[in-house]
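*Asks:* Build the full structure now, drawing on both the sequences and the hints.
There are 4 protein chains.
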Amino acid sequence: MLDFSPFYAQLATNKLHQWLQTLPAQLATWSKEALHGDFKQWQKTISNLPATTPSAIQLKNAVQFGAADDISSGEAQQIRYLLQQLKPWRKGPFNIHGIDIDTEWRSDFKWQRALPHITALTNRTVLDVGCGSGYHLWRMRGEGAEFVVGIDPSQLFYAQFQAIKHFNPDPAVNLIPIGIDDMPALKQFDTVFSMGVLYHRRSPLDFLQQLKNQLRPGGELILETLVVEGDENTVLVPGERYAKMRNVWFIPSVAALTHWLQRLGFNNVRLADLNCTGLDEQRQTDWMENESLIDFLDATDHSKTIEGYPAPLRAVIIANN
Amino acid sequence: MLDFSPFYAQLATNKLHQWLQTLPAQLATWSKEALHGDFKQWQKTISNLPATTPSAIQLKNAVQFGAADDISSGEAQQIRYLLQQLKPWRKGPFNIHGIDIDTEWRSDFKWQRALPHITALTNRTVLDVGCGSGYHLWRMRGEGAEFVVGIDPSQLFYAQFQAIKHFNPDPAVNLIPIGIDDMPALKQFDTVFSMGVLYHRRSPLDFLQQLKNQLRPGGELILETLVVEGDENTVLVPGERYAKMRNVWFIPSVAALTHWLQRLGFNNVRLADLNCTGLDEQRQTDWMENESLIDFLDATDHSKTIEGYPAPLRAVIIANN
Amino acid sequence: MLDFSPFYAQLATNKLHQWLQTLPAQLATWSKEALHGDFKQWQKTISNLPATTPSAIQLKNAVQFGAADDISSGEAQQIRYLLQQLKPWRKGPFNIHGIDIDTEWRSDFKWQRALPHITALTNRTVLDVGCGSGYHLWRMRGEGAEFVVGIDPSQLFYAQFQAIKHFNPDPAVNLIPIGIDDMPALKQFDTVFSMGVLYHRRSPLDFLQQLKNQLRPGGELILETLVVEGDENTVLVPGERYAKMRNVWFIPSVAALTHWLQRLGFNNVRLADLNCTGLDEQRQTDWMENESLIDFLDATDHSKTIEGYPAPLRAVIIANN
Amino acid sequence: MLDFSPFYAQLATNKLHQWLQTLPAQLATWSKEALHGDFKQWQKTISNLPATTPSAIQLKNAVQFGAADDISSGEAQQIRYLLQQLKPWRKGPFNIHGIDIDTEWRSDFKWQRALPHITALTNRTVLDVGCGSGYHLWRMRGEGAEFVVGIDPSQLFYAQFQAIKHFNPDPAVNLIPIGIDDMPALKQFDTVFSMGVLYHRRSPLDFLQQLKNQLRPGGELILETLVVEGDENTVLVPGERYAKMRNVWFIPSVAALTHWLQRLGFNNVRLADLNCTGLDEQRQTDWMENESLIDFLDATDHSKTIEGYPAPLRAVIIANN
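Chains as they are written, first to last, in our numbering: chain A, 1 to 321; chain H, 1 to 321; chain U, 1 to 321; chain D, 1 to 321.
Among the clues, some could well be false.
Which copy is meant is left open, so a pair is good if it fits within one copy or across any two.
In silico DMTMM-like pairs for lysine to aspartate or glutamate, Cα to Cα no more than 25 Å straight-line [as the list claims (entries may be wrong)]:
id, residue 1, residue 2
1, K44, E75
2, K15, D3
3, K15, E33
4, K87, E75
5, K32, D181
6, K187, E33
7, K87, E143
8, K60, D102
9, K15, E240
10, K60, D38
11, K212, D181
12, K40, D295
13, K304, E232
14, K60, D70
15, K60, D273
16, K32, D182
17, K187, E240
18, K165, E143
It is worth saying that the hints were derived from the structure and are not from the lab.
*Replies:* Laid out in structure tokens, this is it:
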């Protein structure tokens, strides 16, 4: 049985305490009823990870816990083996005692593009909606955030996060396995990130409102999502699939998305970055052996997806509550 | 206390019986907690309407219950007076014993445009989502529908419907004062109408899915909504107001809307009618004394709203589940 | 999937309509989640019962549907076989086309003792709390009750009731498979019976209050339960077992029970009958092959249970709301 | 708005953490919907209490916080005045900086009778069900309990507790304003007290089971309640009033109560004390100016209540889970 009590103890003593009115009941139900068939196996895998003492924790330019020298080669082999049980690894990379978890995504690229534009995270309480296995949570902490919460309903991502946190059990970095629909309107976070989620939502405006509901007055939203070229009235709703993904709904232009945010009452909405996802940023690796971006694009014209839509173009938009 | 028992008795004996699992509880709560401040007064007004015996019921070309000759001039005066207490009357017109309720909207125009395109309603079970005071419910019944249910959360619309039904208490014509969000997925209606609602929804795709969830396999959707000119990727999200209305969200092109319906699995999606709302269709009357369309348009250019958007253009789209 | 719609249709048109606020939702949940492992088999058994045309319906002195002559010997054999699949049969007896279901209990004895003391049931709406397989429901109907509802959470009792009702599908006689805890305070029944239940309740006063909550003002309660000799302060709470039953809690004296009823606001509380259960009233039969009363009594002294408590003494107490 | 976060922080870090699944939601609802009309005024009174520095905290032989010398005479006057706003004070006495809150009850008498018989409270987690204003909570803490929780739904008692705790804000002593029905079965407390509650419950066995549900295996129950003389089958259920109290239900003999506890699975049930409540233990004072015991007894025969029942006789019974 998973024990979220240490997280609750922190909530009870910080400005998120209102969350205690709903979260423990939800997670208790989740623990009892909703667990993935492989979840127990993943927990066993994690419990088998050896206790180590990392010689250094690097969060500023990478997520790197300990060095190869800190552990024996047997331990290294064991750790590598166990972490491989949690494949596919999509978001990273992580380096654990010299073991390089080479994930499908170079999430550090995305972070590097966004970081120069955001308000310094020092002492801030931060939420990351759709945080995956939590790569960016560590980078946020590396930038001085006081308390970092990521949410993502994927249980494999949660298990991967647990495995990583095992080597650096920082109580200020947390992943809670729920979706934004499960959160009450806390209106307390200083910064809310949501990267790579909006286009998966059937109701983009409700989603943006939910993000707004988590921010304190004046708080900052960093929104990263797929966009298309076009004016304020341009929105692509792909057919059944976009880049082989089934659940893609609204891909607006930057102008349209900017307008939506303003319509919902966000201020100071600005485009921070616009980037066409490169084949070096999303690709197959030893840790993610399924298809990746190269397979999702038109083989003869990388400016188009295999379905003929514009290839992935991603914007980082920043706004204030 | 409102008594919906006669409606429940019908549900229990027709194919909508699953609705009994939620509706009575919802309406009991609604009766206790959610009533509008004027609701009691409206109920009193309705209870004062005299009992009459309409010499004829006309539903085919108009909604006309009884003739002037059926009642005394004192009764006519009383009825007119009481019905005027329920102003503003927006959807109609109704003729009650010769009293012409000249509503803001000539809802009969909309009906005339849609009717030639829809599958005959004979013996069908029909839902009208956002039915207003229920004008079209009577017209549907006039076309032979076996059982007609309208839903609209507005309590004034409900009171107006009660007042009209007082003069023709047909158990097959019903208005239930709830919204589509309150309905379980019944998947039983032969025909679902929704006219003039989609653009008021912050999540148009969720709304279309909700409509789909009410239809039996093969059932027919008649959707009427605001549209703009443009291609499949064109969607207008107005600013704070459109034609002075605050709560307008998505106005897609016909092509975009058609695509959305297909994406959700509707078949045989086709445009039945496209019409620029005329000043004779929506206007101030003795029964609706507030501003109307003329006040919402640019005074010097009726092709634009007062905010500069395209003036209301309405499409009727038909599709099958 | 069980369909209670015909019952709901009746509720919607009689004075119990408030029950629609909770019952359909409860029974839907029950159908989905709470069914006994053998329930499907029982339903199949019932669906195999042949359609017959009973030449006569006898409810006044017995529960007897049809005669042996109405059916072929093959049908008789089939019916007997199928009904035997629903053993053990505890409450009865029933006679179905000459087939005598000789139940453990001669429930007709109990009925004969109570009947002379109760207000005539003609045109009354009647509830029987803990009705077993419904023997008394038929007798109540036989006395002219307009609408009879029995409740009992046992699913085998429910199946037995279905089997019996198959041969006389009287819509005025109903068994709903719930407990009294599941009922809202309807305050509408003219007569409420509860026979053989009180001593199974850990909170007798709450149970008596629940019975009161079902009665209209002035309505009549017929309560049958185990009692002991003694004064107003005498209450037997047996040890782990009483007459081998595990779930027996409070066995008051008649004086104590009378006082409890008065304390809760019942009027005109009177003892109608006091009877020591005889070995001819509760015994093993071909239709109930387990242990019965003879096995529950002290072999050498039938005035005591096998545990040494006073042997079953049953009172019928009548009171008004 | 009341903030229970410090209590939640403690729950999250001790063995009661399961309570977080329900308590915060309940108290949030309570804060919003259920507050007594005078509650705001009481909170204002409490917020006006001056900050003081008690020279000593006495919990062992009395509840005494600070001495008269610690504060000015003006402060003393102010404190006395404010505490008097929270009358009537029923359970105590408390001494706050020399101000003697002379409560209706000498709750210390009851404590003195029970204390010699209970397992030492050192390092135990303790629950007091129906704790009133919390007098015994302080005495439990004085005996070394590690964490003390009292529950009582009375909001005046809660306010009185807040006022007392103001002068000794010990985080290990807590009153939560709920009833036992609101608690999940925590099965974690080492010791559960319930003094003066059982006879107010319409279902004594359910109440005893609820107490059991709070105890860890082997944990200790200290139950104090009204009893009558008599054998195992003797239970007094008074009429509408007992000693002028309206809500008195079951007053068993010690033998009957002992048997009930055994029936529910308690072990080692023993009578620790039997005491006829004296006029020096419950009486009118300056802090409780309403009627008290003397007014509840037969004026000419103090062995009887004014209704003719046996005068209050109280037993302390101890049992193990």
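*Asks:* Please list, smallest to largest, the hint numbers that this structure does not respect.
*Replies:* 7, 9, 10, 12
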